[in-house]
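Q: Listed below are the residues making up each chain.
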Amino acid sequence: MSEGKGAKPASPARAGGKAAPRLDVRKTYKLYIGGAFPRSESGRSYPVLGADGGLLALAAKASRKDLRDAVVAARGAVRGWSGATAYNRGQVLYRVAELMEGRSAQFAAEVAEAEGVRRAEAESLVAAAIDRWVWYAGWSDKVAQVAGAANPVAGPYFNFSVPEPTGVVAVLAPAQSSLLGLVSVLAPVIVTGNTAVVVASEDRPLPSVELAEVLATSDVPPGVVNMLTGSLHELAPVAAGHMDVNAIDLTGAPAADRPDLERAAAANLKRVFDGDEEWSDPPGTRRLLAGLEIKTVWHPVGI
Amino acid sequence: MASGKGKSGSRAGGPAGPPDRDAVLAAAAGIGPAAGLAWEYAPAPESRDVATIEPEYGLFVDGEFRPAASGRTFATVNPATEEVLSKVAEAGTADVEQAVAAARTAYEHVWRPMPGSERAKYLYRIARILQERSREFAVLESLDNGKPIRESRDVDIPLAAAHFFYYAGWADKLEHAGFGPEPRPIGVAGQVIPWNFPLLMAAWKLAPALAAGNTCVLKPAETTPLTALLLAQVCQQAGLPPGVVNVLTGAGETGAALVGHPGVDKIAFTGSTEVGKEIAVAAAGTGKKLTLELGGKAANIVFDDAPVEQAVEGIVNGIFFNQGHVCCAGSRLLVQESVADAVMDRLRRRLTTLRVGDPLDKNTDVGAINSRQQLEKIQDLTAAGEAEGAQRWSPPCRLPDKGYWFPPTLFTGVSQSHRIAREEIFGPVLSVLTFRTPDEAVAKANNTPYGLSAGIWTEKGSRILWMAQRMRAGVVWANTYNRFDPASPFGGYKESGFGREGGRHGLAAYLNV
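Those protein sequences? They're chains H and D, same order as listed.
According to the numbering used here, the stretch in the first sequence is residues 1 to 303, in order.
According to the numbering used here, the stretch in the second sequence is residues 1001 to 1513, in order.
Keep in mind the hints are simulated off the structure, nothing from the lab.
Here the structure is a predicted model, which means the values were calculated and not measured.
All C-beta atoms, glycine included, are put in the ideal place defined by N, C-alpha and C.
Treat the hints with caution; some may be incorrect.
Claimed, not checked - Among chain H residues calculated to face chain D with C-beta under 10 Å, some are:
hint, residue
1, N159
2, R263
3, L269
4, K295
Stated by the list, open to error - The calculated DSSO-like cross-link candidates involving lysine-lysine, where the alpha carbons are at most 30 Å apart (straight line), are:
hint, chain 1, residue 1, chain 2, residue 2
5, D, K1289, D, K1277
6, H, K142, D, K1289
7, D, K1444, H, K65
In isolation and in its complexed conformation, chain H is listed as follows (with noise of 0.2 Å):
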């Protein structure tokens, strides 16, 4: 993959009777928008450069447009997603896991070039990731045995209280982690039944692509993950107002934009959460929870 893309010319030809070496197809890095990988509406792209400074190549150039049609994508998928089993989103995020360790040279060979890390490094990067998928997996069927409850009211009533998914969440993608940092953003949102709208690293959104070629070959749902790559400061202040997304995770704006991004998000009461944790800590229960929403139900019991 190394090889495969950037501003490198192919090695001339060499003269004299030896074939030429064959040239690479390069990969057209597009949006993620509900299962389909377009360009974007606006026909924008923008170079993205190595941790060498090096162009590694052309990623598509999200518009706010993008982001609504994104948006449009999330909400279209959450009825499916959080009316899925939690066993079953349990596999499909395990499959995540599977397809990504099919890839995973392919995966530190992004995440390499992305963060200026050795290759070592970046295996290791690709393997926690990996593991946070296995790890996100195992609690769709759990969290709600950890963070439900029987309640013991004083009275003749049956209650009990059930997490549920809050609904679209907008993720904004830490900026410097491009691939460990993304899942340990993306995973506990969607394990849990919600739909996501990602806006990538912007200086570092190759891995991202890469992720979204696995969760469209995985059983993932259209419309659950859609990933949009581009300007930061053009697409989050649109996520932040927008009427139809319920939660927002700011870990990858910038903290001189968050009152901004805040008061943006009080539109509509959205979630609002962030954090900037050691990505390779492990990740415990906050970033779940925080996709959630607490739904107590009461009935009478008699006979």
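Following the hints, complete the assembly by docking chain D onto the known chain H.
A: Chain D only, in chain H's frame:
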């Protein structure tokens, strides 16, 4: 009132019941005393002597009552009579400063370092004193708020005591509550509460905050400050260390100063969605923790197999409990088309038996509207209901001459676009819509930016659970309505706010988790 045209209706001399009640009832279309509904009750007033109201109250700061720094006061009135009950200090920014400072000092030096088992005992003491002084609180609440004594006596005050009792028990068990091995309090909580359940909302706010180790500055509603001030006296009686609970009376400006104070680490607000959004904007970028319990427009859904008599009781309880001044009120009745006529007949008959009047009368079902401002809002929205083409009906009932009153009111022929189907009226006004299929009921119930509560009436268990799963609402009452308990989490989806009050989940709002 037979015409059901709001304030233009006839009025009688007092809450004891008009002499010509039978005649009025007989005049009601299709409903008469033949139905055996026109019972006369002798007045049964609760004595107000049990509650002593002082002519003037100060702010409760750092364990003692003191006047506002500005010396300003405002009057609190009995909405049933418009009688001025007392004058109350109006807290300004200087008072907020002092109260937050007192709370900070108490937090750093007394309350946070105190073992949870000791905090628990203070809360148990408060719960016990509330029980011992319950009748006094009930009378005071009904006087200041206008709610029937039956409700303040049987619901508000016992539940307030129960909340303190419940959370007292958590204070020394926080490390076992599922929030990690060392859950930490947040700090100083600024808590702004509404006028519909004045003492109960104070208990909902204070009890979990104190149990978790926070200290509090509580701002009761402008129109209902008295029971919060009496609660401050209870804190004194319980020996609660100074500064742990502070009570600042005032209006919106006082609340804004409190939530905007940089020394406040946690904001808890119960009130309108409009103000909740303002608070969310004010808190943006400050790092303050925020929980909001806001408005609602709940659907109360009656299926064709529901037990009609029980459903009718649930509908009445859903919208006429506390004059409909309930954020989770079942203000939209969705009734399945095939039984709509039967349900509405029974509902109208039941409404003719509701007794509207003196809140201190033990037979009163529906009390006074809390304020002139709220009455005008209800009048405005009901006028819009008629103007938009819905049909209005109220039972024949006489309203007292003085005070703020509104008769129980039904609107039929309501469409989803009507203001009375979309906006929170916060009064005794029910908008009736119909549906044919469960899917349609779900779509209509969820067709609102609010998401606080919902009601489901059906005998079919699988349908209850199917519906409950689909309601985008934080509390679902099936074959019951408007039930509350300290062990039961309460709070909204969508624009009804976020965070939960009650139960283990209610602790999370006051811990750094």
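Q: If a hint holds in the structure, say so; if it does not, say that too.
A: Status of the hints after comparison with the structure:
1. N159: 5 Å, holds
2. R263: Holds. Min distance 4 Å.
3. L269: 5 Å, holds
4. K295: This hint holds: K295 (chain H) lies near chain D, its Cβ roughly 6 Å from the closest one there, short of 10 Å.
5. D:K1289 - D:K1277: Holds, at about 14 Å.
6. H:K142 - D:K1289: Distance ~27 Å between K142 (chain H) and K1289 (chain D) Cα, so the pair holds.
7. D:K1444 - H:K65: 29 Å, holds
The structure shown violates none of the earlier numbered hints.
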